[in-house]
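Using the sequences and the accompanying hints, generate a full structural model.
Line order of the protein sequences matches chains A and B. FYI, in this note's numbering the residues of the first sequence are 14 to 517. FYI, in this note's numbering the residues of the second sequence are 4 to 316.
Misleading hints may appear alongside valid ones.
When the alpha-carbon atoms are kept at most 25 Å apart in a straight line, the in silico SDA-like pairs for lysine to any residue are as follows [said to hold, decoys possible]:
1. A/Lys260 to B/Pro166
2. A/Lys257 to B/Ile152
3. A/Lys295 to A/Lys474
4. A/Lys404 to B/Pro166
5. A/Lys188 to B/Ala95
6. A/Lys359 to A/Ala283
7. A/Lys266 to B/Pro166
8. A/Lys295 to A/Ala386
Some residues of chain A that are not near chain B, with every Cβ distance over 12 Å (derived) [as the list claims (entries may be wrong)]:
9. Ser91
10. Val104
11. Glu110
12. Asp113
13. Leu154
14. Leu240
15. Ala253
16. Lys289
17. Thr401
In case anyone wonders, no lab produced these hints; they're calculated from the structure. Quantities reported herein were computed from a predicted structural model and do not represent experimental measurements. Beta carbons are placed, not taken as given, at the ideal position from N, Cα and C, and that holds for glycine.
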Amino acid sequence: MKRIILAIAALLFHAAVPAAAQTTLRIGLAEDPDVLDPTLGRTYVGRIVFASICDKLFDIDDKLAIVPQLALSHETSSDGRTVTLKLRPGVKFHDGETMDADAVKFSLDRHITFPSSFRKPELAAVDTIDVVDAMTVKLNLKNAFSPLIAQLSDRAGMIVSPKAAKDAGDKFGLKPVCAGPYKFVERVQQDRIVVEKFADYWNAKDVTIDKIIYRPIVDSTVRLANLKSGSLDLIERALATDLKEIKADSRLKLALQTEIDYQGLTLNLANSPAGKDGPFGKSPKARQALEAAIDREALNQVVFNGEALPGNQWISPKNPYYQQKFPVPARDVAKAKKLLAEAGLKAPVAVDFMVPNNPESRQAAEVIQSMAAEAGFDMKIRVTEFATALKEAEDGRFQAFFIGWSGRVDPDGNLFVFKKTKAPQNNGFYSDPEVDQWLDDSRKVSGVAERKAIYEKIMAKELDAGSIIYLYHRPVIIAHSVKLDGYRQLPDGLVRVVGVRIRP
Amino acid sequence: MLMFLARRLLQLLPTLFFVSVIIFGLQQLLPGDPALAMAGEERDPAVLDQIRRQYNLDQPIYLQYFYWIGGILTGNLGESMRLKESVFTLIAQKFPVTLQLALMAIVVSLSVGVTAGIISAVYKNTRLDYAVNVLALTGISTPNFWLGIMLIFLFSVHLGWLPASGYVSPFEDFWMSMKTTILPAFVLGNSFAAVLMRHTRSAMLAAMTSDYVRTARAKGLAERIVVLKHAMRNALTPVITLGALELGTLLSGAVLTEQVFSIPGFGKLIVDSVFNRDYAVVQGVTLVTATTYILLNLAADIAYVLVNPRLRE
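Here is the structure:
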């Protein structure tokens, strides 16, 4: 009898006091991520998921400074050709294997040699990797390459478990095994990605949420409705036009930051006859005229309710590399008309204006169209589905292309592949031997002042006869439930969960 | 009967062959470059070349077709370029979701549409008839995505009764599964219910004026029996044919509704794959849905033959 009473009491006790309640963070993503393999991944949204499962050698802080993550320090030799990394001891992968110099060498080699690796260009400067001791790795470079450490603060610096990666081959992304705060549990394509807290994480004391569920919800209205109804706790890429509604809701909070991206107009200078015979191929003054015709602040007010940051360079005015010498110019229609006349172009100057098919781009393009019309441009908007637009741009079937870049931590990542002659993203076929030389030089020096001095020369050329009119930098808009404490937004837009708490 | 079945099954082979050619051919007409679409921001020429080689995109189109068909004949539908997951696994993940949604939508539209059609025919030219007709027209003309978002705002944001979107399998949590699918099933069923209502109404009106109904009435049968047993049974034949065809359409995925409610079914899969130029997935899903559609049609034909012996000759 006594035993039965005890058993019942135990049962009741269990029912009344559940073991510490599981906390789950539900995050709404704007797209379904691609494959979750750091070597093969190529989407922005994929990086948001990686932020919880795969730690990197380095991370960034809110000022874009490099901070330690899996590596504790880095030291570059005086000639810039060897970089020595000291690793964090006591780090385990999700499968229990130890993260050491061998694992780092394996992961970096995998990024560099895997046949369809998208990390190859990021690590192209790395020649060989030596394991000095269990916690020290030496990277031998083909040439000095100052953006390297910044590259190691993104996917190229993600370290995977060698055992799991060897076993899975190119299927590693179906069940990634890394050394991040959360380990992968399951994924149902287009429905959810579930990760759970990794008990042996090197910084486990700051990880309080037990489980994260990522849910891709493409429609921004529906994403916000899910947050408002409590089906989600945090959404990324909320729309600027919804800011008022979010601010008015006492159950929601906003986390805003200026992105490291840029949005702008890529002009076709010489790619195919459309470029060579177009207004921008004929005279650099046409580019200057178009730039003078645009009121960036008005564009910001109309499309982003004033939440974006107008800019005129490949990095935002908040970035340490921003050239104060070239401030954002004001609109000057008279100047624009004069420049067009000097270019020998007769108004209306027709421009084939390719615009990706999304509400934000279309709206911005229409504002630009009407501003440019006053200066004598006839911007013929051609709304094009994104994958088609990429191919059209590659083949030179455009004269102006409204396209942005999600941005990289190091300024080189926003510049080199767009400006170097024949570089993969140089769709306007910009080519200047001096700029090519300066671009190479900028990678060889590592001091901010030295690099900035080189960038100043490139910027001057860009404003005069370049192929991109930089317009603005978008805001990162994260909306979350007030139950979330300690959420901080960094400029790269990723969602970092270490240090975040959920109140019941 | 066996001969009939054998003949129909043999006819299936050339049909499927042409379907496969059309699916493959139409996809080649899509503008854009799959390797470029896959690479997104990471456009290194060497890597792009490697991807083209890996997925045979550098081969002539007819060879690409043979690689694909060869794979299918050996039971391999290919692999998603974007996700590195096999197309078969993706389809196996999505099919139960789409099937559940389609069946629920059919139940909604049959129960609402047929009932409303009968009521409207029986009470022809009364206020009730006009009211049902106005409702039906509203149903036909309301866009799914708009209705979906409005229902989310009403039932999830304001009332908080149902989850705003997402999907839970009935084997995991039956009630939660019903809660997540009832709104999309209603949205999908709604527009088709309206179509069914119009068809039921006109078929019922025709039946109600036919000789056998007059005979039934003359025999002194109760009106309820005349309507439900005599008129309705005959009026339902075209309605069931319509329902079977609609089920086939629903099984190929409901693009807009799935997008609004974030239901991971065929519709979402195919839209994402088209935008990402993930050819293997587009081809695989289209082939499977086309085959399902053809098989459903075959099943309907067989059912007719069973019901109507005159077709057997």
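Verification of the supplied hints:
1. With a CA separation close to 23 Å, the supplied pair A/Lys260 and B/Pro166 stays within the 25 Å bound.
2. Distance restraint check for A/Lys257 and B/Ile152: the Cα-Cα separation of roughly 19 Å lies within the 25 Å cut-off, and the hinted pair is therefore satisfied.
3. In summary, the hint linking A/Lys295 to A/Lys474 is supported, as the alpha carbons are separated by about 17 Å, within the 25 Å threshold.
4. This hinted pair does not check out: A/Lys404 and B/Pro166 have alpha carbons roughly 40 Å apart, beyond 25 Å.
5. At roughly 18 Å between alpha-carbon atoms, A/Lys188 and B/Ala95 fall within 25 Å of each other, so this suggested pair holds.
6. Proposed proximity of A/Lys359 and A/Ala283 is supported: the alpha carbons are some 20 Å apart, at most 25 Å.
7. Note on A/Lys266 and B/Pro166: the hinted pairing holds, with a Cα-Cα distance of about 21 Å set against a maximum of 25 Å.
8. At roughly 19 Å between alpha-carbon atoms, A/Lys295 and A/Ala386 fall within 25 Å of each other, so this suggested pair holds.
9. Distance check on A/Ser91: its Cβ is at least 30 Å (rounded) from any Cβ of chain B, clearing the 12 Å threshold; non-interface status holds.
10. The claim that A/Val104 lies off the interface holds: its Cβ sits roughly 27 Å from the closest Cβ of chain B, which is beyond the 12 Å cut-off.
11. Here A/Glu110 stays apart from chain B, with its beta-carbon at least about 22 Å from theirs, past the 12 Å limit.
12. Separation of A/Asp113 from chain B is adequate, the least Cβ-Cβ distance of about 28 Å exceeding the 12 Å criterion.
13. With 12 Å as the threshold on Cβ separation, the claim that A/Leu154 sits away from chain B holds: the shortest Cβ distance comes to roughly 18 Å.
14. The beta carbon of A/Leu240 sits about 9 Å from the closest Cβ of chain B, which is not more than 12 Å, so the claim that it is off the interface is violated.
15. Look at A/Ala253: its CB is around 19 Å from the nearest CB on chain B, clear of 12 Å, so calling it non-interface holds up.
16. The Cβ of A/Lys289 lies farther than 12 Å from every Cβ of chain B, with a closest approach of about 22 Å, so its non-interface assignment holds.
17. With 12 Å as the threshold on Cβ separation, the claim that A/Thr401 sits away from chain B is violated: the shortest Cβ distance comes to roughly 4 Å.
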